[in-house]
Amino acid sequence: MIAFFIRRIGQAMIVMFVISLIAFSIQDNLGDPLRELVGQSVSEAERQVLRDEMGLNDPFLVQYWRFLKRAVKGDLGNSYFFKRPALEVILEKLPATVELVMGATLIILLFSIPIGVYCAINPRSWLTKLMMGTSIIGISIPVFLTAILLIYLFSIELGWFPSFGRGETTVLFGGWHTGLLTRDGLMHLILPSIALSSIMLPLFIRLIRSEMMEVLEQEYIRFAWAKGLTRKRIWFLHALKNTLLPVITVGGVQIGTMIAYTILTETVFQWPGMGFLFLEAVNRVDTPLIIAYLIVVGLIFVITNTLVDLIYGLVNPTVKLTGGAA
Amino acid sequence: MPILEIKNLEVRFPMRGGELIAIRDISFSIDRGERLGIVGESGAGKSVAAFAILRLIGRPGYISGGQILFEGNDLARLSPEQLRQFRGNQITMIFQDPMMTLNPVLTIGTQMIECLQTHRGMGRKQARKVAVEKLRRVAIPSPEARIDQYPHELSGGMRQRVVIAIALLTDPAIIIADEPTTALDVTIQAEIMELLLALCETHQVALILITHDLGVVSEITQRAIVMYAGRIVEEGPTRDIIERARHPYTHGLIDALPERTHPGQRLNQIPGSMPSLVDIPPGCAFHPRCEHVTDLCQTRVPGYTLLDHARVACHWVAAQEQS
Chain A
10 MIAFFIRRIG
20 QAMIVMFVIS
30 LIAFSIQDNL
40 GDPLRELVGQ
50 SVSEAERQVL
60 RDEMGLNDPF
70 LVQYWRFLKR
80 AVKGDLGNSY
90 FFKRPALEVI
100 LEKLPATVEL
110 VMGATLIILL
120 FSIPIGVYCA
130 INPRSWLTKL
140 MMGTSIIGIS
150 IPVFLTAILL
160 IYLFSIELGW
170 FPSFGRGETT
180 VLFGGWHTGL
190 LTRDGLMHLI
200 LPSIALSSIM
210 LPLFIRLIRS
220 EMMEVLEQEY
230 IRFAWAKGLT
240 RKRIWFLHAL
250 KNTLLPVITV
260 GGVQIGTMIA
270 YTILTETVFQ
280 WPGMGFLFLE
290 AVNRVDTPLI
300 IAYLIVVGLI
310 FVITNTLVDL
320 IYGLVNPTVK
330 LTGGAA
Chain B
993 MPILEIKNLE
1003 VRFPMRGGEL
1013 IAIRDISFSI
1023 DRGERLGIVG
1033 ESGAGKSVAA
1043 FAILRLIGRP
1053 GYISGGQILF
1063 EGNDLARLSP
1073 EQLRQFRGNQ
1083 ITMIFQDPMM
1093 TLNPVLTIGT
1103 QMIECLQTHR
1113 GMGRKQARKV
1123 AVEKLRRVAI
1133 PSPEARIDQY
1143 PHELSGGMRQ
1153 RVVIAIALLT
1163 DPAIIIADEP
1173 TTALDVTIQA
1183 EIMELLLALC
1193 ETHQVALILI
1203 THDLGVVSEI
1213 TQRAIVMYAG
1223 RIVEEGPTRD
1233 IIERARHPYT
1243 HGLIDALPER
1253 THPGQRLNQI
1263 PGSMPSLVDI
1273 PPGCAFHPRC
1283 EHVTDLCQTR
1293 VPGYTLLDHA
1303 RVACHWVAAQ
1313 EQS
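Sequences listed follow chains A and B, in order. Position one of the first sequence corresponds to residue 10 (our numbering), numbered consecutively onward. Position one of the second sequence corresponds to residue 993 (our numbering), numbered consecutively onward.
No lab work stands behind these hints, which were simulated from the structure alone. It is possible that some hints are incorrect.
[Said to hold, decoys possible] Covered by chain A, per the in silico footprint, the following chain B stretches (three or more residues, Cβ under 8 Å): (1) 1044-1056; (2) 1078-1086; (3) 1090-1097; (4) 1107-1113.
[What the hints assert, rightly or not] Calculated cross-link-like contacts (lysine to any residue; reagent style SDA-like; alpha-carbon spacing at most 25 Å): (5) K241(A) / L1098(B); (6) K1117(B) / W234(A); (7) K78(A) / E55(A); (8) K241(A) / N1081(B); (9) K1121(B) / N1081(B); (10) K241(A) / G1115(B); (11) K82(A) / T315(A); (12) K250(A) / Q263(A); (13) K250(A) / M1007(B); (14) K138(A) / M222(A); (15) K1121(B) / W234(A); (16) K78(A) / I23(A); (17) K241(A) / A1137(B); (18) K250(A) / T327(A); (19) K250(A) / L1098(B); (20) K241(A) / Q1109(B); (21) K250(A) / K1117(B); (22) K250(A) / D1089(B); (23) K241(A) / T1099(B); (24) K138(A) / M1007(B).
Ideal placement from N, C-alpha and C gives every residue a C-beta, glycine not left out.
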């Protein structure tokens, strides 16, 4: 177990190094940070002086080395726009994004398993055909379009849910702003969560269905029938447990991917999270903030993947968590 | 008084462009405590026949005719819920490959206790005690520890012992064993077969043994059925079948045994191969490979010729008996 963690931390450091290198190397192609930083009135000569002072004219490797030295101390530089440490700005927005992803994950968990199992057990029912058809549509519609449609239907036409923002938030210990404790905050969370889950949910339904159909063909399921067990026990214990093993692996990675989708969802719903902040940072050529965002997201990815491997090891008795190549 | 009686059983598989008849006109019975072998080549329909008894044929196959009478109940016509009460209770099964039969993510104990909870309404503790007892019965060392292990922690032979223990849990009247040793090492095969035989004898359980191994049939069973292309071609006391088989196909099978040839000599074999079920030859299905073939064999399906304690579906045998 300890060996597993040491190996994982080693892997994580390599991954983070590669991410930082990529993030750092794209910054030159984003535009001139000085255009946003200083006004029109500043002359080109003054701009050059500023560039020299900020070290923007140094060779790439020199800049990167300087960045790396500070980054290991937790300093990812100051945001040009906010004039504050970039990491601090990002982490302030983290709770909003995490709660949005949690909302979407909850929706996916609540609906994908029962629907996927139903479709696997009743492959020929009209409801299954309907679900499979709808899921294809769900996968094909881009998130921003789903989001706009949701706003149009539920906010504008029906007026059930608010169309933008996070609503009322309360502060938890450690400065975590949560929208989960107020009715208003929860109402604001519903539409963005649905929009964010709109691609992953159909994907999960299809994944669970196909995995379960394969499991149902296995000899040990036939043996379970031969033992005279009830259908409920065969489907929801014998088959489902085997179905969920591969789903956990794929699913964990997908939940990481969902953080990327939050950029679109947060933009449409004006959700004050990291994704929204990232788009603003790109518009402002706020390179330290962009790099900080990429590194934080990379870190979240590494953490979720480690958690998934842990859970997988707990559920699958044939897997033991070791330091060796597994 | 037979405990299980199968009458004119027929199983079909719908296929593109027509239905495939996997087994037809299968009738046999088995008495309490009797051991019956069903032999034949792969594809003869012996496994289909075995699985059909508990209506466990894989989709899209279905029972298209006949009766499966167990203590007066026609298993072919029971509702799924009624049928479930017989499965794994009075009639249990042992599958071919112990590597595939046990659920990989559940402990041995879970997979045993659930049977007793389902069929006997036992509590966990009592069921566990019975399960440990049965594991001891199939000679699993330290069953109290093994019961909490997962299948992958056990060897193939041990797993098949566990499967046999599961089959014995509810003290069934019949065990159907579908090639229970085919997937095992040769050295373990004999051990498992001996164990099965001993358990059936001490518990007075009837055994339907599906196998392609005539040697196993002669050691274990009292009566044997030979199947060819979905039909029973010969049935009789095992010793008679081995020592004086009547049907030319059974003859061929026995001649093909390695013991029947001298060392260094080529093994005997039946010329040709079994027809696919899609195009079974008209008349007797065996006629293209038979050395006694006549015109009659090519046109008419032979009926059964009844002999003492035996029956044979062969025109040639029928002609011999008449003369």
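Here's how the hints hold up against the structure:
1. 1044-1056: Result for this restraint: holds, n = 3.
2. 1078-1086: With 6 residues in contact (Cβ-Cβ under 8 Å with chain A), the coverage given for the region 1078-1086 of chain B holds.
3. 1090-1097: Coverage by chain A holds here, the residue count being 6 at a Cβ distance below 8 Å.
4. 1107-1113: Result for this restraint: holds, n = 3.
5. K241(A) / L1098(B): 16 Å, holds
6. K1117(B) / W234(A): 24 Å, holds
7. K78(A) / E55(A): Measuring from Cα to Cα gives roughly 28 Å; hence the hint is violated.
8. K241(A) / N1081(B): It holds: about 18 Å lies between the C-alpha atoms, which stays within 25 Å.
9. K1121(B) / N1081(B): 18 Å, holds
10. K241(A) / G1115(B): 19 Å, holds
11. K82(A) / T315(A): Holds, at about 23 Å.
12. K250(A) / Q263(A): Judged against 25 Å, a Cα distance of about 20 Å means the pair holds.
13. K250(A) / M1007(B): Measuring from Cα to Cα gives roughly 33 Å; hence the hint is violated.
14. K138(A) / M222(A): Roughly 15 Å between the alpha carbons, so the hint for K138(A) and M222(A) holds.
15. K1121(B) / W234(A): The hint holds at about 24 Å.
16. K78(A) / I23(A): 16 Å, holds
17. K241(A) / A1137(B): At roughly 29 Å apart (the allowed maximum being 25 Å), A1137(B) and K241(A) break the hint.
18. K250(A) / T327(A): 13 Å, holds
19. K250(A) / L1098(B): 9 Å, holds
20. K241(A) / Q1109(B): 14 Å, holds
21. K250(A) / K1117(B): 24 Å, holds
22. K250(A) / D1089(B): 21 Å, holds
23. K241(A) / T1099(B): Distance of about 19 Å is within 25 Å: holds.
24. K138(A) / M1007(B): 23 Å, holds
Figure legend: structure checked against the earlier numbered hints; hints not met, in rising order: 7, 13, 17.
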